[in-house]
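Protein chains in written order, with this note's numbering: chain A, 1 to 121; chain B, 1001 to 1148.
A few of these clues could be false.
Claimed, not checked - Away from chain B, derived, C-beta distances all over 10 Å, residues of chain A:
no.	residue
1	51
2	53
3	58
4	72
5	86
6	97
7	112
Unchecked claim - A short list of chain A residues far from chain B (calculated; beta carbon distances all over 12 Å):
no.	residue
8	33
9	68
10	77
11	108
As the list claims (entries may be wrong) - Example chain B residues on the side facing chain A (calculated, C-beta under 8 Å, incomplete):
no.	residue
12	1011
13	1012
14	1018
15	1019
16	1026
17	1079
18	1083
19	1129
20	1130
21	1134
22	1147
Source of the hints: derived by calculation from the structure; they are not laboratory data.
For glycine and all other residues, C-beta sits at the position ideal for the given N, C-alpha and C.
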Amino acid sequence: MPRNKLPDSETTAAIHSDVQAPHPRFQLDEAIHQPVRLSILGLLAHSQQVEFAFLRDHLGLKDANLSQHLTALETLGYVTIEKGFVGKRARTWIAMSDAGRAAFSNYLDVLRQIISQSEDQ
Amino acid sequence: METTPREAAQALLQLRNSQRLAARYSSNNGIILLAWAAIHLLDMLVFEAGHIAHSVVGAVVGVIIINGSLLLWLIWYRRRLPINPLRALTQRVIFLWSWYYVALIGVGIGGWAVFIGSYPVGWFVFLGVLGALPLAVCGYRLRQQAQV
């Protein structure tokens, strides 16, 4: 290409789209990024099921507070809540759904992108 | 939403700790494998004692009591674990180990009896150590991985 020749429209569009590509931080799922939900999903990601009481005690939350977070995640389709019995004891089990696993995996990818972009700069 | 690379790295670190925590409170924490290894060794010690005392019945009764206790403990222990792991590593190790155990006992006891005859003193303990070793190593490694 001659030195003073202006780039054609295709090249301009490519440069422009590159400049305008949103930073990965904008792709972070806010529902997951909230600290308590991140802790909940972090545990659920490596589990088939986690007991409600364990989550409550481990995260230092009240029943109502944990229920709120779980309901929010359930509404998004990220977790499922199942009540059952082990012997005579009532237990509530929380599990991550397939949609939750996909969203969580995407969230991890975005975190890694944020780190790798900073390393590239 | 603003997230700095440092915050992203911290979030990933937190999630790695969550993975360890999930292992620690599930059957993948290595305790079951360590208990299984200890019980296997104990079984073989009982067989060794039975061999020395020429009491096969006593040895068999002892092994039934020991293994029955392990089974009851396993049921109790699994019930009180608050996390069901995604990948049942313990079961996988026990499944693979059972093939090794069958081969070990087949050769070490059956094969030895057919081709050589009487067992030397300490033979059952030796088989016990060989049998328990893979379980103990896997259990120890899982235990290490589950430490937060």
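Structure-based check of each hint:
Annotated as non-interface, residue 51(A) brings its C-beta within 10 Å of a C-beta of chain B; the closest such distance is 4 Å. The beta carbon of residue 53(A) is not kept farther than 10 Å from every beta carbon of chain B, the shortest such distance being approximately 7 Å. Distance check for residue 58(A) against chain B: the nearest CB is about 7 Å away, which does not clear 10 Å, and the non-interface claim fails. Distance check for residue 72(A) against chain B: the nearest CB is about 17 Å away, which clears 10 Å, and the non-interface claim stands.
A beta-carbon of chain B is positioned within 10 Å of the beta-carbon of residue 86(A); the least distance is around 6 Å. With a closest Cβ-Cβ approach of about 13 Å to chain B, residue 97(A) is found to remain outside the 10 Å limit, as its non-interface label requires. The beta carbon of residue 112(A) is not kept farther than 10 Å from every beta carbon of chain B, the shortest such distance being approximately 7 Å. Residue 33(A), annotated as away from the interface, has a beta carbon of chain B within 12 Å; the closest lies near 7 Å.
The Cβ of residue 68(A) sits about 20 Å from the closest Cβ of chain B, beyond the 12 Å cut-off, so the non-interface label holds. The beta carbon of residue 77(A) sits about 19 Å from the closest Cβ of chain B, which is more than 12 Å, so the claim that it is off the interface holds. Look at residue 108(A): its CB is around 7 Å from the nearest CB on chain B, not clear of 12 Å, so calling it non-interface is violated. With its C-beta approaching chain A no nearer than about 6 Å, residue 1011(B) sits inside the 8 Å limit, and its interface hint holds.
About 6 Å separates the beta-carbon of residue 1012(B) from the nearest beta-carbon of chain A, less than 8 Å, and the hint is met. At its closest, the beta carbon of residue 1018(B) sits 3 Å from a beta carbon of chain A; the interface hint therefore holds under the 8 Å criterion. Because the closest C-beta pair between residue 1019(B) and chain A is about 5 Å apart, less than 8 Å, the hint holds. Hint on residue 1026(B) holds. Least Cβ distance to chain A is approximately 7 Å, under the 8 Å limit.
Residue-level restraint check for residue 1079(B) holds (minimum Cβ-Cβ distance to chain A is 6 Å; threshold 8 Å). Evaluation of the residue 1083(B) hint against chain A yields a held restraint, the C-beta minimum of about 5 Å falling below 8 Å. About 33 Å separates the beta-carbon of residue 1129(B) from the nearest beta-carbon of chain A, more than 8 Å, and the hint is not met. Among the interface hints, the one on residue 1130(B) is violated; its C-beta lies about 33 Å from the nearest C-beta in chain A, farther than the 8 Å criterion.
Checking residue 1134(B) against chain A: minimum C-beta separation of about 24 Å lies over 8 Å; hint violated. This hint is violated: residue 1147(B) has a C-beta 15 Å from the nearest C-beta of chain A, more than the 8 Å allowed.
Figure legend: structure checked against the earlier numbered hints; hints not met, in rising order: 1, 2, 3, 5, 7, 8, 11, 19, 20, 21, 22.
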